[in-house]
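Numbering-wise (the UniProt record's numbering), the sequence shown opens with residue 1 and increments by one.
If you're looking for bench data, these hints aren't it; they were derived computationally from the structure.
Since the model is a prediction, treat every value here as computed from it, not as a measurement.
A hint or two may mislead.
[Unchecked claim] Pairs of lysine to aspartate or glutamate, EDC-like flavour, derived with a Cα cap of 20 Å: (1) K184 to E140; (2) K55 to D68; (3) K123 to D68; (4) K141 to D88; (5) K149 to E182; (6) K149 to E134; (7) K149 to E177; (8) K201 to D88; (9) K201 to E152; (10) K141 to E129.
[Stated by the list, open to error] Simulated restraints, written as ranges between beta carbons of each label pair: (11) L186 to Y64: 55 to 61 Å; (12) I56 to L93: 28 to 34 Å; (13) L236 to K302: 34 to 40 Å.
Where a beta carbon is used, it is the ideal one built from N, C-alpha and C, also for glycine.
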Amino acid sequence: MIIVYTISILLIIIFIHELGHFIAARLRKVKVRTFSIGFGKKLYSFHDKYQTEWKICIFPLGGYVSFDKDNSDDENDQKNNDDTIVFDSSPPLSKALIAFAGPLANYLLSFIVIFIVLISYGKMIICPEITQVESNTIAEKFGIVPGDKVVEFNGRNDFLVQEIIEQKNNNISITIEHKNGEKKNLVFNRALGNIGIRFEKVINENISFIDAITEAFNGVISMNYQMINGIFDIILGKNSIEIGGPIKIFQISMQSISKGLKHTLVFISILSINLGFINLLPIPGLDGGHLLIYIIEMIIGKGLNKQLYHRIMQVGYAILILLMVFAISKDIISLFR
């Protein structure tokens, strides 16, 4: 059953992404020919009142929304019976909005899921109690032991433990309260090595409706910021490329589902925003690549040469295929480690 749930999660996220494209197309009165979940042999399909074919295919590893092509120079022929226009005849702004709507839908899904988690389970707060002190670290040399609490951080008592974890400055000032009530102010210098303290106790704090909206929005922004930083770290050589393919995604999904509904919802929000973010990368073949081309067309006031456009797309698809092969190869290698 876990495998069925995993596939269902992937299909939902893909469906939401493609639904974003579809809704934007309908709002811009652009004719949608096909709305497909999966690739390959068709398992089920039907046509709606706008003559769009909705179908489910045998390989649930993606999806797409396809549009009627502009094969006529006659402006009247470019109109359909339901007063829609074909995609190629629509203005660059409409094309850009349609391309952007898919990733936007994933971001909205992530926001909604995080909001549901916060309202249902509360906000997770990491307790400032130290649960582990690593050997041969600064903390051990200062006499910090498990059970000690951090009561001040850089002169503040209204801090969050996450601030200590994410602190990037070398100098850190914390006040420790030992079990016997004794307090000790310590100044660490990260340049001298790893501090070596861990916080593993968490509590769930009830949160209001408005605060949940704010926290959900901040959560989406934070995840997006982390992914942008990750890309820059790879470009600058600070981190190696870590790409997970479909096998890795299935493994993480199955682990999350086995841990319960909360972990499953968190996984859905993370996977959805990852899909949205990746699709916004300016690589031809992805939504971000199309979006960049449509923005260029708006700037120059005309469409790109079709031959040039197709060549750009071919390069983009080649890059995507190489990335997919690389990701799947890493997945397969990890199975035998």
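Here is what the structure says about each hint:
no.: 1; hint: K184 to E140; in the structure: 14 Å, holds
no.: 2; hint: K55 to D68; in the structure: 16 Å, holds
no.: 3; hint: K123 to D68; in the structure: 47 Å, violated
no.: 4; hint: K141 to D88; in the structure: 68 Å, violated
no.: 5; hint: K149 to E182; in the structure: 11 Å, holds
no.: 6; hint: K149 to E134; in the structure: 16 Å, holds
no.: 7; hint: K149 to E177; in the structure: 5 Å, holds
no.: 8; hint: K201 to D88; in the structure: 56 Å, violated
no.: 9; hint: K201 to E152; in the structure: 18 Å, holds
no.: 10; hint: K141 to E129; in the structure: 18 Å, holds
no.: 11; hint: L186 to Y64: 55 to 61 Å; in the structure: 57 Å, holds
no.: 12; hint: I56 to L93: 28 to 34 Å; in the structure: 32 Å, holds
no.: 13; hint: L236 to K302: 34 to 40 Å; in the structure: 37 Å, holds
Violated hints, in rising order: 3, 4 and 8; the structure is consistent with all others.
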